[in-house]
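Chemist: Residue-level listing of the chains:
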Amino acid sequence: MKSMFAAASLAAICLSALPAASAVRYEVRDVKTDFQTDERALFTRPVAVTHTGEAVYVMDADYNEISVFGKDGRFIKAFGRKGAGPVEFNAPSAMDIVEDNLYICDTINGRIQIVGKGGAYRGGFPVPFDPQQICVLGEDRIVLSHIPMGFDGREPMIHCYSGSGELLWEALDSYYTGDRVYDAFRNFLVLVHTGGDSVSVVRKSDERVILRFDSEGRALSPVRVSEEYAFKKLTIPVKGPRKHLQGFCWDATAGRGMIGLLTMDYTPEKDLGPGRSVHLIDFAGKVEGVIEFPSLMLKVDLDGDRIYAIDAEYRLRVFSWGKP
Amino acid sequence: MKRAIALMLAGACLLSCFLLLAPAVQARDVRECYWNHTTCRRGAFLRDVGWVRTTILLTTCDVALGRCIYLS
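Here the protein sequences come in this chain order: A and B. Its first residue numbered 764, the first sequence is counted upward by one per residue in my numbering. Its first residue numbered 166, the second sequence is counted upward by one per residue in my numbering.
By construction, these hints were calculated from the structure, which means they are not laboratory data. Just so it is clear, CB atoms sit at the ideal spot from N, CA and C, and this is done for glycine as well. Among the hints, erroneous ones may be present.
[Stated by the list, open to error] Quick list of simulated restraints, FRET-style, between CB atoms: (1) A:Gln799 <-> B:Val195: 21 to 31 Å; (2) B:Val214 <-> A:Glu990: 20 to 30 Å; (3) A:Arg837 <-> B:Leu236: 50 to 60 Å; (4) A:Arg837 <-> B:Gly208: 24 to 34 Å; (5) A:Gly879 <-> B:Thr203: 29 to 39 Å; (6) A:Glu979 <-> B:Leu236: 43 to 53 Å.
Model the full structure from these sequences, guided by the hints.
Modeler: What follows is the structure, encoded as structure tokens:
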């Protein structure tokens, strides 16, 4: 009897020690092959990349301009300039596209602008904070996030507005310790449109649970990302006692029913910066696959078997991806 | 690593004196200090640089804010 127990225990230990089914490795191939020479695809501060069925849009916060490319990366046109009027921006930080309209976080102007895909002004509204991220669930459900200044304690970071600028709901109180620098990192968010009526909220540090909300602000089942996807630890040089951060992702995207997390990597200077792979997470939190890039990427946008990305040299890259 | 961080922080403080203190000295009231501080933080968030460098930028913004309020 004892030997049976011993054998069963040994078998259990052996089974638990077996590696989990490993994630699929995907490779990428450049679709835009002239990325090194195409000056129109070179930016100074690219902050967002997104797509429609026909085109890819890249927003530059220095130029205050949105550049439009074909899906092969060929430059088509650009619109926008610095200012506070229609189709003028001041350090915009994010955009999303629904149907024929682009919704733009015009950050320093403290407003949301709605612009047609061709660059025609369609409307907008002011907001009482610096909008940082945007996810449009419908023309009357515009979800925004902001990073609190850290003076006033906890405050909601997710805000949903109607198309006319009426505040509909708010969610997710900020992390607050009173240390404005540390708190800012803990409050870095990425909003990702994960299917029809839901927005996923990814924290860039210290949290592997991805919260999800529907268009009415109701919490949906969260995604707890598997430990297989590791944090990257960093001690930051802030005043007072040492503070530790666990970097989670540099950027996030969604596609094929999954959330794509752009990893973080250590730089040669031991700083924590963008990485060179996207981990595809299913809604059960499992790492389904890993897309490896040839170099570091700052922004990624999944579109079926394509990925539009901004590399660390601020160039637009267009990749196809698949199994080797 | 520690020395490098200390040096970077020292550099950031000096930089704040030269670059940010000058406009801060001209601040007419505290509201302007907070406006400058907000702009400074926005710039740090948009830079997309590593987190240690972002820490230094944000710290610089805070140092400049403190100086500006003190001098107002």
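Chemist: Hint numbers the structure violates, sorted upward?
Modeler: 1
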